[in-house]
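**Student:** Taken in order, these protein sequences are the chains called F and Y.
Residue 455 in the UniProt record's numbering sits at position 455 of the first sequence; the count goes up by one each step and never skips.
Residue 673 in the UniProt record's numbering sits at position 673 of the second sequence; the count goes up by one each step and never skips.
I should point out that these hints are in silico values taken from the structure, not numbers from a laboratory.
Treat the hints loosely; a few may be bogus.
Intra- or inter-copy, both count: the list cannot distinguish identical chains.
What the hints assert, rightly or not - Only pairs whose alpha carbons sit at most 20 Å apart, straight line, appear in this in silico EDC-like list of lysine to aspartate or glutamate:
id, residue 1, residue 2
1, Lys540, Asp555
2, Lys540, Glu655
3, Lys540, Asp357
4, Lys540, Glu648
5, Lys540, Asp323
6, Lys540, Asp523
7, Lys540, Glu278
Number of protein chains: 2
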Amino acid sequence: MSDTTQTPPVHPAWLPDAAFAPLGSRRVLVVTGPDAGPVGATVVDEVRRAVTTHGGTLTVADLASADDHDLVLRVAPDGPDTGFTRLRTGGVTVVVAGDATGLLHGLHDVVRAGEAAFGADHPPVVSRPLAPVRMLDHWDNIDVHPVMGQVERGYAGGSIFYADGRVREDLSRVAAYARMLGSVGINAVAINNVNVHATEARLLTDGLADVARVADVFRPHGVRTYLSVSFGSPMRLGGLATNDPLDPDVQAWWAATADRVWATIPDFGGFVVKADSEGQPGPFAYGRDHADGANLLARAVAPHGGTVFWRAFVYNHEQDWRDRRTDRARAAYDHFAPLDGRFDDNVVLQVKYGPLDFQVREPVSPVIAAVPRTRVAVELQVTQEYTGHQKHVCYLGPLWSDVLGFPLAENATRTVASIASGAPGPGTPEDADLRAGGITAVSNVGDDEFWTGHPLAQANLYAYGRLAWDPAADPVALLDEWIGLTFPGADPRVRETLHGLMDRSWLTYEAYTAPLGVCFMVDPLRGHYGPNVDGYEYSKWGTYHFADRDGIGVDRTVATGTGYTGQYPAPWRDVYEDLATCPDELLLFFHHVPYGHVLHSGTTVIQHVYDTRADAVELVESWVPRWEALRGLVDDRLHARVAERLTEQVRSATEWRDQVRTYFFRKSGVPDASGRPIY
Amino acid sequence: MSDTTQTPPVHPAWLPDAAFAPLGSRRVLVVTGPDAGPVGATVVDEVRRAVTTHGGTLTVADLASADDHDLVLRVAPDGPDTGFTRLRTGGVTVVVAGDATGLLHGLHDVVRAGEAAFGADHPPVVSRPLAPVRMLDHWDNIDVHPVMGQVERGYAGGSIFYADGRVREDLSRVAAYARMLGSVGINAVAINNVNVHATEARLLTDGLADVARVADVFRPHGVRTYLSVSFGSPMRLGGLATNDPLDPDVQAWWAATADRVWATIPDFGGFVVKADSEGQPGPFAYGRDHADGANLLARAVAPHGGTVFWRAFVYNHEQDWRDRRTDRARAAYDHFAPLDGRFDDNVVLQVKYGPLDFQVREPVSPVIAAVPRTRVAVELQVTQEYTGHQKHVCYLGPLWSDVLGFPLAENATRTVASIASGAPGPGTPEDADLRAGGITAVSNVGDDEFWTGHPLAQANLYAYGRLAWDPAADPVALLDEWIGLTFPGADPRVRETLHGLMDRSWLTYEAYTAPLGVCFMVDPLRGHYGPNVDGYEYSKWGTYHFADRDGIGVDRTVATGTGYTGQYPAPWRDVYEDLATCPDELLLFFHHVPYGHVLHSGTTVIQHVYDTRADAVELVESWVPRWEALRGLVDDRLHARVAERLTEQVRSATEWRDQVRTYFFRKSGVPDASGRPIY
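Given the sequences, and given the hints that come with them, work out the whole structure.
**Tutor:** Put into structure tokens, the structure is as follows:
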């Protein structure tokens, strides 16, 4: 059978053949050992492809001398248990890994290094991923929603997994995607939407053979497959009378279901669950809590080594806007902090990085530090739901770097990434009971020619993978890496221009959208795209800015507000509580202030609103001729696609600027000191 | 073939058998004459049904003595050419009409009068409809839109005409509807949406046999059938290279198409056209104007006696909110006034009653008085798009009465209804060249059990028909009539309660929604249901309120604003121009004023906003127990449906109150003098 949806031409992303030239022109020895498996075969295939294209040689051997080779890729019992070691000695570059997956990651480390991998001798450098699980979640549906489309919050066409109401016959796009993920060290993927609709629910049962085909495609790249499942499955799929986690029939149903899953896919990863959240079923209906709910599934998958990723995104989505004491930002902490210690060992609590919902600017979620006896995965969003729908250039590496590197733990002793990864910080006792969760994110790819709608959004997928491996990496350096791989051998102006457009594009997007951490102000009609200052102000969603003629912002202090700042460990509870120490960029998240309030930057809130929006649009406008100057220096189709998106970005940013400036002028009555037009 | 959509039980609306008791218990003589046709048969059927139920007698004769009868219904050559005459003489009630259709209308006049029709002798009373065409437009689609549903702006279930992608096999609902329309004198119906989509466009060609079946159902009730057609039909259906109205092939295509229509349905009415409006194709694309466009179709249908209803709802729906000089309210006048005199005699310009779009409160459209050499139909909206989606009690009779009775013509010499009907006013010269258009409206029925979603919204359909016949009728008296027919023999508390809820329900709806004629402030996400004060403020739709911290309203004056007031004849241009004479209820439509501006009522604008919203909600809340007290006194299912809707009305009105009050408090900073809560 063939799919009626034609697979479009596929852009090679950061894996064009030319990026393999330095390695491919060398004499390469691969020693995968006797248990190489499918990942070992991938390493061999990658090297074979490279040397065939670029004139090098490949030797595959179980035992061989490094003599007469420029590069040795070797699995060895003394190699690191995760990751790899790279050294250069006697003019030979050597990568050693404890298993084939580590070797694959080491191979791509050599590809990324390019000619530099074959320079001066250097001692061994160990590269280990901080987080044991580095996951991508797909919000793909099998069916196409009339409004949402097929991929919820997808901005890159249809699903690469599904077409015509079923898993695709032709999984070649998935294979190319798996190769991309493996190359940056992603090792887990959940292949369906956390909002589990009727058709998709059946992947867990009737659709298992198809899921197994997908898992077969990911496996050679060191990626395990997960499913999002509905807490309501026992009733919906099993015909049971209840989903109660304490009901023996429900427990038996989940156990039997898990048995069938692992019988079909022995290295299956586990389940991702969105329960009691935005209408999804959950344990609350039975008077049970989320530990009961998560452990129900955890016990079913434990015999198979499976893991349950249980999302902490639980809040009242039927809030009354009149009620200024209820604060959605508090919800996840209030729900989950009391449950710490009650989750089984194979439960990972999946926590969005901020307390609201993937905003352009939010403080880090205090939940991450509030459940030390629970495994935590921090959840990022690669797909640009609130950051321009992959129509806007918005390189998110710096945002994620800030989040992952934020020293959230008590007295700033451990970063978010450390907590999620189970890694110690300075002063952590050696016998500390550290629990490793992981890092996860919502993917941004679809069956679009360029994978991501906006070709430059490929950099977000790349940077996510690299930061999940090494949260301390410099995001601008990662961008540079991505440019080198994606545009190998390009004119230097390409690199220079891309840095010019992308390095600070997240801050630019922030500068023309909602100011100073106030969040939302997006258009509910257009799926969070474009401005609507009051778009959520009188809604049920719990996301308000409370702007009136005198001021704006949400008082979340302990002293006079919702008390949310009290959920933070020291010193953050005090830093955020006090106007004098609260950072400008989060001011309106934590405080309601008059328009005349003077920021640490020295300007008033209202003038900041006016200036930054106007300045940001001028900057975005300047990108158009800069990009235009690259015509002929990059692929024509890619150039045209980016140019088209930049036109829309200018239009949309202008709309943001004008609506936000006008809205606040009408409310505050304060003229713009710069004299620029307000409507 | 049977439809898969089951026809639900059908409420008899204002035609329950019991309403026919006074007539049905009499001895009735019907004289339809030799050319009675299907409408004559309907008269006979109606009387037979009534006397069979209620014990009277029916004599049908061509010539017979009135002796021994209580009621004589007679077609006579000397009867009025439209309408009928009723008199009572010698204890016999006599209705005389010039044709069977007039007789049908006279029959229902007797039904409405009830026992009063058989009281004291009285001289002949002539009843003629003011407007020659009294139409209902259906915005029904064949296909079901994923967001809009099947009926655009429909709030009463699916279409009564279409199911399963085609015209229904079972047209019994349409027959019952046709009977309702005939009973109140409606004589024209357009059976598909003016936004003509692909499937519906083919009604004009492939679907004609089905349209003929529908026409067969309307015909016995004196109702002619019309179609909405797309100006783009020659290209879309005919495969032509253009829709240019001056192209001979286009003209030939329309002529041939019209020939086929009338060959299939000899008494077909004509076409309704929405061109160059909200994305529909039109003559502008070919550099032609709307006279060219309308006359193209008019000449095709003229040989068959057909009429083209050409909508004047033409405006720029891609407006820039920053542009405060462009005024959507001006658009129809600016487009159509210059074309006066250029439309063929069988073109009727169909003009919405206000310059915007069926708002709760708008001034009357100046276009109606601006095209004296053009036939005009004024368009009302029975379906409650902007008036509560048939979830709110909102009796629109008083609104339409105000509109139809408004003395719009120069020096207030003729009303809107007179202009549309071609009727003279005081001082109109006898030889004046008056052109009759008609009155039309968007229907509010669907395949809902109660026809209209909200059972009390049946009164709107009823009142529309009655006002289209007699625009001078008292809308509260019409409501009383409707109550008597719909709840015959009910406890007096039913009548009293319904008057209490409904008489001023339009003003109540106005009082809790957008204030003082400012329009919109509705939620674009919910199809214009519920509040969203800034919902259209930064949109492309041209409907703004310009509220800032100091004031609100649209300056449409000639002196300082958009000049819209200058489109009105005297005295209205001056009345509206001047703050001192502009009526309170339209103040913000015409003027931008400070919140402290004192109304003619003596209160300030801001306090009016606060007070009226709070008072209106208190009133709506009082309706709940009043309706509850009718339990057992009206049909249980109807009672339950109304009770359910009242609960929603209270919720929604409260939301309106709180959002509007809070919005304006946050903007103005003026406290509510009454001290009632603001959030």
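**Student:** Now, for every hint given, state plainly whether the structure supports it.
**Tutor:** Hint check results:
With identical chains, the CA atoms of Lys540 and Asp555 are at most 20 Å apart within one copy only, with a shortest distance of 19 Å there and 34 Å across copies. In this homomeric assembly, Lys540 and Glu655 come within 20 Å of each other (Cα to Cα) only across copies, at 12 Å, whereas the closest approach inside a single copy is 25 Å. With identical chains, the CA atoms of Lys540 and Asp357 are at most 20 Å apart within one copy only, with a shortest distance of 15 Å there and 29 Å across copies. In the homo-oligomer, the alpha carbons of Lys540 and Glu648 lie at most 20 Å apart only across protomers (16 Å), although the nearest pairing inside one protomer, at 30 Å, exceeds that limit.
In this assembly of identical chains, the alpha carbons of Lys540 and Asp323 lie at most 20 Å apart only when taken from the same copy (10 Å versus 32 Å across copies). Within a single copy, Lys540 and Asp523 get their C-alpha atoms as close as 14 Å, and across copies as close as 14 Å, so both meet the 20 Å cut-off. For the homomeric pair Lys540 and Glu278, the shortest alpha-carbon distance inside one copy (11 Å) is at most 20 Å, but the shortest distance between copies (31 Å) is not.
Of the numbered hints given earlier, the model fails none.
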